[in-house]
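The lines below spell out each chain.
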Amino acid sequence: MLKTRVIGCLVIKNNLVVQSIGFKKYLPIGKPEIAVEYLCKWDVDEIVIIDIDATKECRCFDLETLSIISKNCRVPLTVGGGIKSIDDIYTIIRNGADKVCINNAAYQNIDFIKQASSIYGAQCIVVSIDVKRSGEGEYYVYTNNGKDSISKKPEEWAKKLEEFGAGEILLNSIDRDGSKKGFDIEIIKKVSSTVNIPVIALGGAGKFSDFAIGVLEGGASAIAASNIFHFVEHATIIAKSHLTLSDIDVRHESVAQYDHHTFDSNGRLLKLKTLDTQELQFDRFEKEVI
Amino acid sequence: MVDRIKIVIVDYGIGNIKSVATSFSQLGYNAEISNCEKDIKSSDAVVLPGVGAFAEAVSKLKENNLFDVCRQVVLEDKKPFLGICLGMQLIAETSEEGERNNSYTSDGLALFPGKVTRIPVTSEFRLPHIGWNNITIKITEPFLNNVQGDGCFYFVHSYHLECEEKYIAATVNYGGIEVVAAVQKDNIFATQFHPEKSQLNGLRLLRRFTEFVEQSQ
Numbered sequence: 028m029l030k031t032r033v034i035g036c037l038v039i040k041n042n043l044v045v046q047s048i049g050f051k052k053y054l055p056i057g058k059p060e061i062a063v064e065y066l067c068k069w070d071v072d073e074i075v076i077i078d079i080d081a082t083k084e085c086r087c088f089d090l091e092t093l094s095i096i097s098k099n100c101r102v103p104l105t106v107g108g109g110i111k112s113i114d115d116i117y118t119i120i121r122n123g124a125d126k127v128c129i130n131n132a133a134y135q136n137i138d139f140i141k142q143a144s145s146i147y148g149a150q151c152i153v154v155s156i157d158v159k160r161s162g163e164g165e166y167y168v169y170t171n172n173g174k175d176s177i178s179k180k181p182e183e184w185a186k187k188l189e190e191f192g193a194g195e196i197l198l199n200s201i202d203r204d205g206s207k208k209g210f211d212i213e214i215i216k217k218v219s220s221t222v223n224i225p226v227i228a229l230g231g232a233g234k235f236s237d238f239a240i241g242v243l244e245g246g247a248s249a250i251a252a253s254n255i256f257h258f259v260e261h262a263t264i265i266a267k268s269h270l271t272l273s274d275i276d277v278r279h280e281s282v283a284q285y286d287h288h289t290f291d292s293n294g295r296l297l298k299l300k301t302l303d304t305q306e307l308q309f310d311r312f313e314k315e316v317i
Numbered sequence: 063m064v065d066r067i068k069i070v071i072v073d074y075g076i077g078n079i080k081s082v083a084t085s086f087s088q089l090g091y092n093a094e095i096s097n098c099e100k101d102i103k104s105s106d107a108v109v110l111p112g113v114g115a116f117a118e119a120v121s122k123l124k125e126n127n128l129f130d131v132c133r134q135v136v137l138e139d140k141k142p143f144l145g146i147c148l149g150m151q152l153i154a155e156t157s158e159e160g161e162r163n164n165s166y167t168s169d170g171l172a173l174f175p176g177k178v179t180r181i182p183v184t185s186e187f188r189l190p191h192i193g194w195n196n197i198t199i200k201i202t203e204p205f206l207n208n209v210q211g212d213g214c215f216y217f218v219h220s221y222h223l224e225c226e227e228k229y230i231a232a233t234v235n236y237g238g239i240e241v242v243a244a245v246q247k248d249n250i251f252a253t254q255f256h257p258e259k260s261q262l263n264g265l266r267l268l269r270r271f272t273e274f275v276e277q278s279q
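Order-wise, the sequence lines are chains S and A. Residue numbers 28 to 317, in this note's numbering, belong to the letters of the first sequence in order. Residue numbers 63 to 279, in this note's numbering, belong to the letters of the second sequence in order.
Treat the hints with caution; some may be incorrect.
Distance ranges between label pairs, derived from CB positions [said to hold, decoys possible]:
id: 1; chain 1: S; residue 1: E64; chain 2: A; residue 2: T198; range: 24 to 34 Å
id: 2; chain 1: A; residue 1: P204; chain 2: S; residue 2: I177; range: 46 to 56 Å
id: 3; chain 1: S; residue 1: A283; chain 2: A; residue 2: R66; range: 33 to 43 Å
id: 4; chain 1: S; residue 1: S112; chain 2: A; residue 2: R180; range: 20 to 30 Å
id: 5; chain 1: S; residue 1: G49; chain 2: A; residue 2: F187; range: 31 to 41 Å
id: 6; chain 1: S; residue 1: E190; chain 2: A; residue 2: N235; range: 20 to 30 Å
id: 7; chain 1: S; residue 1: Q142; chain 2: A; residue 2: Q134; range: 28 to 38 Å
id: 8; chain 1: A; residue 1: K68; chain 2: S; residue 2: D80; range: 39 to 49 Å
id: 9; chain 1: A; residue 1: N92; chain 2: S; residue 2: H287; range: 37 to 47 Å
id: 10; chain 1: A; residue 1: N92; chain 2: S; residue 2: E313; range: 22 to 32 Å
id: 11; chain 1: S; residue 1: T118; chain 2: A; residue 2: R180; range: 28 to 38 Å
id: 12; chain 1: A; residue 1: R66; chain 2: S; residue 2: K300; range: 50 to 60 Å
To be clear, the hints were calculated from the coordinates, so they are not data collected in a lab. Cβ coordinates follow ideal geometry from the N, Cα and C atoms, glycine included.
Given the sequences, and given the hints that come with them, work out the whole structure.
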């Protein structure tokens, strides 16, 4: 059966991985290659890496950084930021990306999506949609890194993108970005029930238990998160354990698994009881030489 | 790096060739990326990677004069061949991938008896089929005998290869349909999934392929 994907999203600013809060505040984390290396070791299913300065500075993702990252990335890598032509896609793919993530260029010229999809195949073209809820509770699409509103409804825009050949939708909530309030289920549900291509939910994960809600209630095909994966050892494995506990099928490859552990109300891992630790059995795993 | 064997990754301009080369280098092989006829003809093994639309890939292969070269080295010289994703579909005789709702077919390399069609899933299942899925292995030797855990590999495709049962090395279930995940015939081995993006199981498979190439020297 197809597994539900847990996707690590890395936001790049000034060549550093940052935590983004409401598309406004940014906290520096560290070098992208280190973040990629750890996510890969921790059973992440895919990595999306987006340079949020690129569009503004009229350039693409830094190719040198991309080459370093892709060397150690053994899971699919989606790269975004400033992509606006077929040549850009060519260069990004050549330097080690498997898919590209397009945002602004799709609004400027939707035919670009059609053209890209006919050359690279729909599976290679991910389009991200940034949404914000208005005071009246209506959702609208925003461009330019959350600055400009375009009067489009996310579900209608997603449908149009599907028609023009987009392979996946990365749905990001501006209000929930860095808020730790959990995913915006309402809009995830609206978009995922309108289109027939996979929808990746992003923005707002504050607890590891939020992931399951995005899948079960929102109907997302994959769950992405960014900030929550920093600072916690085995973060993506713990997120997957929560999904397993909610009977969602995920891929476990690492020896480390937390399905049998207990968590507190915030979804954090609880320390094992003394009795349990006494019964722990230590297995030695030889490093496999492939 | 060992250079006991020369693996050439066919570069037709749109594939994600770098990931494939990186995987081979992690196994200690210096796979060469090339679109040059001479390199492909002098190689010990040929790898045709994926990403792209079928018709576009065929026309790129023809543009770079690689179409006939690929046919020759696989069919006549019998060099070990590994097709990945689109590379697996390209070996088929025909494909219906093209403009949507347009009933045209384009011709593939025809290295392998089969045709490529859109996966006929019902509307509740999304296409493309993207993500990790566990395969059911039909032919273990020599490529799939070291797949561990529940055999998860990374898939990303909307079309699938249809061929005779006896060539199917592995299948994957999506939306109740048994989709061909890997095929094997003589010197040809091809996978719909991406071994270069499937973490350890992918590397294990590629190791089996390099061993196969060494043995066929």
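Tested hints:
Take E64(S) and T198(A): their Cβ atoms lie about 32 Å apart, and the range 24 to 34 Å holds. For P204(A) and I177(S), the hinted distance range of 46 to 56 Å is satisfied, since their beta carbons lie about 55 Å from each other. For A283(S) and R66(A), the Cβ-Cβ distance of about 36 Å falls inside the hinted range of 33 to 43 Å, so the restraint holds. S112(S) and R180(A) have their C-beta atoms about 28 Å apart, which keeps the hinted 20 to 30 Å range intact.
Between G49(S) and F187(A) the beta carbons are some 35 Å apart, a value that agrees with the proposed interval 31 to 41 Å. For E190(S) and N235(A), the hinted distance range of 20 to 30 Å is satisfied, since their beta carbons lie about 28 Å from each other. Between Q142(S) and Q134(A) the C-beta distance comes to about 33 Å, which sits within the given range of 28 to 38 Å. The hint said 39 to 49 Å for the Cβ distance between K68(A) and D80(S), and at roughly 42 Å that hint holds.
Distance hint for N92(A) and H287(S): a CB-CB separation of about 44 Å, consistent with the stated range 37 to 47 Å. Look at N92(A) against E313(S): about 27 Å separates their beta carbons, and that is inside 22 to 32 Å. The hinted window of 28 to 38 Å between T118(S) and R180(A) holds, with their beta carbons roughly 30 Å apart. At about 54 Å, the beta-carbon gap between R66(A) and K300(S) stays in the expected band of 50 to 60 Å.
Going through the hint list in order, the structure satisfies each hint without exception.
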